[in-house]
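Using the sequences plus the hints, can you model the full thing?
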Amino acid sequence: MALHISLAAETIGHIGPLPVTNSLLMTWVVMLILLLLALASTRKLSLVPNAIQSIMEIILEGLYSFFASVVGHHVKMIFPLVASLFLFIIISNWGGLLPGVGTIGFNELVVAEETSHETLVQEVKQETTGAHETVIPIEEEKKVTTAEEKTTTHATKFVPLLRGPTADLNMTIALALIAVIAMQYFGFKTLGVKYSHRFVNFHNPILGFVGFLEVISDVSKVISFAFRLFGNIFAGEVLLAVMAFLMPFIAPMPFLMLELFVGFIQALVFSTLTSVFINVALAHEE
Amino acid sequence: MDLNAWRLIMSGATIAIGGIFPALAIGMITAKAVEAIGRNPESASDVRTSMILGVAFAEAIAIYGLVTALIIKFV
Numbered sequence: 001m002a003l004h005i006s007l008a009a010e011t012i013g014h015i016g017p018l019p020v021t022n023s024l025l026m027t028w029v030v031m032l033i034l035l036l037l038a039l040a041s042t043r044k045l046s047l048v049p050n051a052i053q054s055i056m057e058i059i060l061e062g063l064y065s066f067f068a069s070v071v072g073h074h075v076k077m078i079f080p081l082v083a084s085l086f087l088f089i090i091i092s093n094w095g096g097l098l099p100g101v102g103t104i105g106f107n108e109l110v111v112a113e114e115t116s117h118e119t120l121v122q123e124v125k126q127e128t129t130g131a132h133e134t135v136i137p138i139e140e141e142k143k144v145t146t147a148e149e150k151t152t153t154h155a156t157k158f159v160p161l162l163r164g165p166t167a168d169l170n171m172t173i174a175l176a177l178i179a180v181i182a183m184q185y186f187g188f189k190t191l192g193v194k195y196s197h198r199f200v201n202f203h204n205p206i207l208g209f210v211g212f213l214e215v216i217s218d219v220s221k222v223i224s225f226a227f228r229l230f231g232n233i234f235a236g237e238v239l240l241a242v243m244a245f246l247m248p249f250i251a252p253m254p255f256l257m258l259e260l261f262v263g264f265i266q267a268l269v270f271s272t273l274t275s276v277f278i279n280v281a282l283a284h285e286e
Numbered sequence: 001m002d003l004n005a006w007r008l009i010m011s012g013a014t015i016a017i018g019g020i021f022p023a024l025a026i027g028m029i030t031a032k033a034v035e036a037i038g039r040n041p042e043s044a045s046d047v048r049t050s051m052i053l054g055v056a057f058a059e060a061i062a063i064y065g066l067v068t069a070l071i072i073k074f075v
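Line by line, the protein sequences are chains A and B. Mind the numbering: the first sequence is residues 1 to 286 in our numbering, read in order. Mind the numbering: the second sequence is residues 1 to 75 in our numbering, read in order.
The reader is advised that the hints may include incorrect statements.
With a Cα cut of at most 30 Å, we get these calculated BS3-like pairs of lysine-lysine [said to hold, decoys possible]:
(1) A:44 with A:76
(2) A:221 with B:73
(3) A:221 with A:194
(4) A:76 with A:221
(5) A:157 with B:73
(6) A:221 with B:32
(7) A:189 with A:76
(8) A:76 with A:194
(9) A:221 with A:189
Not close to chain B: a few residues of chain A, all C-beta gaps over 10 Å, as computed [as the list claims (entries may be wrong)]:
(10) 40
(11) 41
(12) 52
(13) 57
(14) 72
(15) 91
(16) 108
(17) 177
(18) 203
(19) 213
(20) 217
(21) 255
Hints in this document: simulated from the structure, not taken from any laboratory. Ideal Cβ placement from N, Cα and C applies to all residues, glycine included.
Rendered as structure tokens:
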């Protein structure tokens with residue numbers, strides 16, 4: 001029995017040359033859920049809405065008035081983007097908490113070179129019995145590796161079939177890139193060529209330097225967006241795993257509630273920050 | 001000391017030190033927000049939105065520390 005935590009998403013298969021990771025599979029599930037929700041709620045639109053249409057109307061009206069309070073009259077332009085970001089992220093975050101996600105999987109044979117460094121070092125220490133603690137000859141290390149390879153050819157590693165999409169850094173970087181590129185797109189769409197004065201400005205040296213800083217700040221926004229979402233969701237998964245490891249029955253419950261709240265807040269923060277930054281970008285009309 | 005011991009110590013130290021200041025910041029932000037809501041209860045929803053944004057910014061620092069600690073521990 002071991003605590004299974006993996007920083008990166010594991011590959012579970014290939015489509016042609018493209019590796020399919022478990023978080024990519026979960027992303028497809030989330031996309032399917034969103035697609036089905038959209039189809040089910042818009043198939044028979046009517047003035048007197050049926051159950052699912054009225055639920056979606058409540059959610060979208062709430063989002064619309066919220067984003068309208070953030071960006072004012074630009075809300076019509078950016079609402080499709082930020083609302084999709086919100087819905088996608090919240091369903092991804094909550095999907096990662098479903099029972100079965102991260103727990104149902106299969107055991108994969110461990111390739112010898114994938115044995116982690118920690119076990120290698122421990123093995124080496126056992127072999128040398130503390131005689132050479134600091135300096136380990138390379139030959140000896142190799143010998144140990146081959147010895148380990150012999151003994152652990154039948155060892156297996158657990159690979160979950162599904163993993164929360166936002167617990168994978170690739171996904172959050174993609175979302176962050178979408179958000180930051182959309183800021184530039186809406187800027188150029190609204191202000192035209194004048195928008196580029198935000199970055200390249202020769203009117204006076206101070207504004208020129210400010211433009212340089214704006215470039216850096218936009219690049220750092222990608223990193224900050226990506227790591228905030230990834231860090232929160234991944235940390236939540238680690239927290240739940242550790243809690244379930246320490247005390248499997250009652251202890252994880254309050255943390256599950258916390259993670260539901262964190263998933264909602266992070267989706268809200270991501271979309272709100274996107275709209276706030278778009279608003280800032282559109283306000284550069286000097 | 002060997003590498004494993006250093007990893008344990010440093011990953012613990014990273015999140016411990018990196019958690020102090022975001023905790024202080026979140027406390028200050030929330031204290032001020034509660035004060036503002038107490039003075040002007042009608043503006044509660046506006047204040048709450050700004051507060052959550054500010055808290056998210058402050059919390060992001062702790063999360064960077066946490067990700068760094070996890071990377072030190074597991075990678």
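Evaluated hints:
no., hint, result
1, A:44 with A:76, "holds, 24 Å"
2, A:221 with B:73, "holds, 26 Å"
3, A:221 with A:194, "holds, 22 Å"
4, A:76 with A:221, "holds, 24 Å"
5, A:157 with B:73, "holds, 19 Å"
6, A:221 with B:32, "holds, 26 Å"
7, A:189 with A:76, "holds, 14 Å"
8, A:76 with A:194, "holds, 22 Å"
9, A:221 with A:189, "holds, 20 Å"
10, 40, "holds, 31 Å"
11, 41, "holds, 27 Å"
12, 52, "holds, 28 Å"
13, 57, "holds, 21 Å"
14, 72, "holds, 14 Å"
15, 91, "holds, 20 Å"
16, 108, "holds, 18 Å"
17, 177, "holds, 18 Å"
18, 203, "holds, 31 Å"
19, 213, "holds, 18 Å"
20, 217, "holds, 13 Å"
21, 255, "holds, 15 Å"
In the structure shown, no violation is registered for any of the earlier numbered hints.
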